[in-house]
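Peer 1: As a plain string of letters, each chain reads:
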Amino acid sequence: MRKQLCDALVARAGNPGMVFLTGDLGFMALEALQSALGDRFVNAGVAEQNMISVAAAMARQGLDVWAYSIAPFCYARPFEQIRNDIAFHRLPVRLVGNGGGYGYGVMGPTHHAIEDYGVLLTLPNMRVYAPVFDEDVAAVIDKAGKDTQATYIRLGRGEPPQGYAVPDYAAWRPLLSGGGAPVIAVGPLAGTYIKAIQNLPAARRPNLWALSELPLTLNPPPAALIEQMLASGRIYVAEEHVAQGSLASELAIYLLERGMSAKLIHLHARAHHYARYGSQAYLRAQSGLDPQSLLNAIGAAERL
Amino acid sequence: MKSSLDAKRLSIIRSRLIRMHFESGIGHIGGNLSSIDVLALLFNERMGQDDLFVLSKGHSAGALYVSLWSAGKLTDEDLQTFHRDGTLLAGHPPANGIREILFATGSLGHGLSLAAGTALALRFKGSSGHTYCLTSDGEWQEGSTWEGLIFAAHHRLTNLTVLIDHNGLQGFGHTSEIASMFPLFERLKSFDIDMHVIPGHDLDAIRAALDAPTDRLKCIVLQTVKGKGVSFMENRMEWHYLPLQEADYRQALKELGGL
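Same order as they appear, the protein sequences are chains A and B.
Residue numbers for the first sequence, in our numbering: 124 to 427.
Residue numbers for the second sequence, in our numbering: 1191 to 1449.
Some hints could be false.
[What the hints assert, rightly or not] What follows is a list of derived Cβ distance ranges for each label pair:
| # | chain 1 | residue 1 | chain 2 | residue 2 | range |
| --- | --- | --- | --- | --- | --- |
| 1 | B | 1281 | A | 137 | 41 to 47 angstroms |
| 2 | B | 1394 | A | 233 | 36 to 42 angstroms |
| 3 | B | 1194 | A | 158 | 46 to 52 angstroms |
| 4 | A | 343 | B | 1433 | 47 to 53 angstroms |
| 5 | B | 1274 | A | 246 | 25 to 31 angstroms |
Calculated from the structure, these hints are not laboratory results.
Glycine included, each C-beta is placed from N, C-alpha and C at the ideal position.
All chains should be modelled from the sequences, with the hints used to inform the complete structure.
Peer 2: So, in structure tokens, the structure goes:
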């Protein structure tokens, strides 16, 4: 999604108040933005703590501030700066993390971001965007750019099957419908499931929902999703994120507070426990997040 | 029109600081007394409408509040709420509510980067405003402070002045004995910055350093005394933490000339 990110930000670069900070990343991807912004494209160097505090201060002065790095260095290294300098002051800094989840798979565990939105959503005044498709990025940038609070944009790689007509961006989107229980997938992971389940018989085909915005308090689940869950008595949540601080845990609280319940089947990242590393697809499979794992989960649930 | 600061006014300001801390039963007095000269000077005679300040050493909030009081930005009633339930005047600066306080600080190592971002934003906006940042010497042990220095020096932020309250003492002893950066200013000099090392309780020396023209980032090391002005506090590490007892309070006021 980096190309789409660059295009969307270049389209905003005419705003003289826009500033883009990078932690020395974006080679072969963000040069067009650098040209468009001139000295308002600031390479802050390999110093993420400083970059985030600088971003906070610029937002405090009313500038339109975007801070970019690969995902783990965007939220984990400078967490205190995000907490103290951005969140406590309700500043609308746009944090952009590339390669959320296992996006930098074989690069190793330091480059994985599988607890990012859970960590950030413990902070006040924070909204998370996880675009599903490349086509979503422009809408997400536009929406985040209008936010009056801090945002974290978790970029990945859109993976719809060939020929799939990508629906317009929305926080919640039904991607497939059928007579099965609902499946909610966060971000690009949703796109990986389409091919595997679209040819299932309609009666068994799950209702696949893609979620792109958190927390739920700002984007409650649609009524149709709740109806599907109550009718089937179960709900599946798949996310490239550890269980702690996950959508599933947030959804469970959301439902129980409203007196609603269903069997929850959670497919999630399995932390940094592997002896060996591989691609994003490899690590998804190791975590039970790949399409086959979803099919197995659906089948297992149906035998219960 | 701002009024100039002199020794007599400074004694009154110090005494008000002592009273505020005594009435609230709160410590952190030593580092407040070491830094209050420059803070009072900035707010009373230096800073204009467009100038901004970041207190990186947030534990000297008391000196900041009393300096703002001395410049008419806070009232006596405001100071009486210091450290009490429902106050805006917390033990470290608040996130919102006082116009002159841009950022909540108290976790060390944030202020210089916040000030650098502020200064660069002012440059982008075409503002003539100047940003001042007061750090402690101990917080140069934080790696993020050096990140901020690298950034500010690289961008030649001539609209930023970095002030270091170099009293040589920190939470559990002498800075040079805990994680030595001695001599700190010699290490700072190796960056491409405009360095001034001055006696930190000499108002004229502070004025001269602030006024010195430069085409680089300016850094002023204020060689100060922790607990300055109160004999039994001067250069005593324990006054980083201790609150004042009644007898201490009376003695301190007597030495400072009272309110």
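Peer 1: Next step is simple, just say for each hint if it's right about the structure.
Peer 2: Cross-check of the supplied hints:
no.	hint	in the structure
1	B:1281 - A:137: 41 to 47 angstroms	holds (45 angstroms)
2	B:1394 - A:233: 36 to 42 angstroms	violated (52 angstroms)
3	B:1194 - A:158: 46 to 52 angstroms	holds (50 angstroms)
4	A:343 - B:1433: 47 to 53 angstroms	holds (49 angstroms)
5	B:1274 - A:246: 25 to 31 angstroms	holds (27 angstroms)
The structure shown violates just one earlier hint, number 2.
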